[in-house]
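Peer 1: Now for the letters of each chain:
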Amino acid sequence: MDFRLTPEQEALKKEFEEFFEEEMKNEPPGWVWGLEGLFSDVGWPFNVYMAKRLAEKGWLVRPWPEEYGGCNAPMIEQLIFGDVLGYYCAPGVDPLGVGMIGPTILAVGTEEQKKEHLPPIARAERFWCQGWSEPDAGSDLASLTTKAVKDGDDWILNGQKCWNTGAHRADWCFALARTNPEERRSKGLTYFILDMKSPGVSIVPIESMDGSKHFNEIYFDDVRVPSRNIIGEVNGGWAITQTTMNYERSSVGIMSGACRGLNELVQYCKESRLRGKPLSQNPHVRHRLAQLAIDIEVGRTLSYHVGWLQEKGDIMAAAAAACGAKVYSTELWQRVAFTGIEIMGLYGTVAKGSKWAVLKGQFEDLAQSTPGYKLGGGTSEIMRSIVAWVGLGLPRIK
Amino acid sequence: MDLDFTEEQDMLRNSARDFLSTECDKAMVRQIEESEEGYSPEIWRKMAELGWQGLLIPEEYDGMGMGLMDLVVIFEEIGRNILPSPFLVTVALGTPPIVEAGSEEQKKEILPRVSSGEAILTLALTEPSVGYTADCVELEAEDRGDSFVLNGTKLFVEFASASDYMVVVARTKSGGDPEDGITLLLVDSKSPGIKIEPFATTGMDKQCEVVFDNVSVPKANIIGELDKGWPIVAKTLEKATVAKCAEMVGGMQAVLDMSVAYAKERVQYGRPIGSFQAIQHMLADMYLRVETSKNILYQAAWMVSEGLPAAEKVAIAKGWCNEAYKKVTEDGVEVHGAIGTARDHDMGLYYRRSKAADPTFGDTESQRELVAQQLGL
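Heads up: the protein sequence lines correspond to chains A and B, in order. Position 190 of the first sequence, counting from 1, maps to 190 under my numbering, and the rest follow consecutively. Position 161 of the second sequence, counting from 1, maps to 1161 under my numbering, and the rest follow consecutively.
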């Protein structure tokens, strides 16, 4: 065993760190971490700016082949990139375009689809959203009812999607629709991609508990999608969703984001007194922070383990470990947020913008947004079930 | 980066697994636990034939000259199978101080006998205050010219009862920095004035009280330098903690495997209980605890074996494994239902060990304090 990075990997890591250290100085006033930092009015222009900077550096889609703007970067390098990106809590990498639909098109798209859609993602000119969940199809995604009916060479989509992260900012959408009404579940679904400017697409924001608006409902009202915008086969969409879900699920960015959060908390506790005593000398505080440090270090090794399994092509083991890492990282991120606001006491309730806000009010914000991380992209319960079925071979009752 | 074991280590694991399952089935484990010695001299001899006791001992002293990662493999298998024996105290506590700091005479006298299985060693560190820090070392070694005289009590000296030699951590100077003034002495366990009394514990691991009553130890038996013994103890504890964590990780894996197998075969309400989500999610969490414990253990072990500063990483690994092993065994009993609580069910063997492993070389609370200090708090 050898946990060391090669000198080349160390140099690359340093280059990433220097870049983000410098670029994050451009963070606009009032900018905070998380989805808010990607999709809010303050966050979006900075997100786009960072995406373009990353594209200029050739770093936005490093694992992709050169002809589509990447450099065939191995998994370990991508893990390092995700680690650094996460630590700086930096925006710029579209989780849906760069993270999901791009790799899906690369894997199963036609040559035309690759030529049409990959370069705009690599150049940070086209942002994506996901149209999967519906009001009555959350974890049970295969029960979705949005339908697509063939009309000549086109398909007509009708239905409602929800929890569409960043749909209000997105240029394109990858969506699932039922093309065979005879099949109730996964067999009758088709994977479409569509321009969000298509007639009949409308978006309604869903306001989160903290007042932010990153989630949406998307309504399809007779939306016309040409057949060439089907990924894979008609009625073959389900298998492709499984492909989409399997890319880079090490959750390393959340682990390192949690590390950043802890470092800021530690600094705060060193500098602050509460109830007459320095926080850093309160044994309860010391031990809560130390436990987070333990959890974070353990989480990072888990992410690197997932990356290693993916690199080796040990797909089943990687899938189980990746689901475990998703549960672990999102619960960890929430624990960091909760520990932060609890240590801060009443200061932990002060929202960003106030002069009394501690650490820019980011922990107040995180404490409300982190529950969502445990739900998006597969709830912790679904992830645990997948671990049980795939990792442990336990029986699945259909 | 290479996060896999080598082919040789995989082979070592397989042979260890075969050996242990052949030589020490669970009936044997119980028989050894109940015995006065607390270990099987016959298995001990066979282990020596495989070279296990000499794994970390250089070849010139009849050892195998292998590394800590190899030892991790063996301890994982020991934890998985369970082998009550003075193996950890001999190879990870008693031997390292001699290998690291012993004189040529001490090495020549002791190490080949450890390798051959003739000599059992242990470390007499903890006292009734049960701390693993230098300030807890009070047992006094009084300077009498050519020799020291020991008076005091060491407590929780595992397998002192079976030992031929104890590496005694004694105080030779007091008043200043507690880490200054600690001396390691190689002491024949049969020396006049030593009284060793084992007592019953959860882990049935032959913990002993060792009372020193005017025990004379020649100065030639100092390991390393006078007053400068603490860094050797600290380094030894790092290795021993890694070995302990490996044993715990092996135990966790066994509990997970047993629980998954049982959940697949135990039928209630007409279907295997492993098809119920409540059980599946418990098992998924157990899996995650096992995987994470392995990963952090391997990283800590690798750092120690590379000679990198590893105190924080080892503390993180032990703190994590403590909680993971306790929770995995607790959930393992839960999955098994009432039968898991029975004395003649294997689950209890692991459950008891998880409770005993937690305070050994520092409980979670003390690991957290170490980590807090590393955070600069």
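Treat the hints as calculated values from the structure; they're not laboratory data. Since the structure is predicted, the reported quantities are computational estimates derived from the model, not experimental observations. By construction, the Cβ of each residue, glycine as well, lies at the ideal position given by its N, Cα and C atoms. Any given hint could turn out to be false.
To be verified - With a Cα cut of at most 27 Å, we get these calculated DSSO-like pairs of lysine-lysine:
| id | chain 1 | residue 1 | chain 2 | residue 2 |
| --- | --- | --- | --- | --- |
| 1 | B | Lys1235 | B | Lys1173 |
| 2 | A | Lys374 | B | Lys1026 |
| 3 | B | Lys1326 | A | Lys374 |
| 4 | A | Lys13 | A | Lys115 |
| 5 | A | Lys25 | A | Lys13 |
| 6 | B | Lys1264 | A | Lys398 |
To be verified - Residues on chain A that point at chain B, a partial pick, calculated with CB under 10 Å:
| id | residue |
| --- | --- |
| 7 | Val42 |
| 8 | Tyr49 |
| 9 | Gly70 |
| 10 | Ala73 |
| 11 | Ile76 |
| 12 | Gln78 |
| 13 | Lys150 |
| 14 | Lys270 |
| 15 | Ser272 |
| 16 | Arg273 |
| 17 | Leu274 |
| 18 | Leu279 |
| 19 | Trp308 |
| 20 | Val327 |
| 21 | Ile386 |
| 22 | Val387 |
To be verified - Going by beta-carbon spacing under 10 Å, a handful of chain B positions derived as facing chain A:
| id | residue |
| --- | --- |
| 23 | Met1069 |
| 24 | Ser1191 |
| 25 | His1345 |
Peer 1: Could you tell me which of the hints above the structure violates, numbers in ascending order?
Peer 2: 2, 4, 7, 8, 9, 10, 12, 13, 15, 16, 17, 24 and 25
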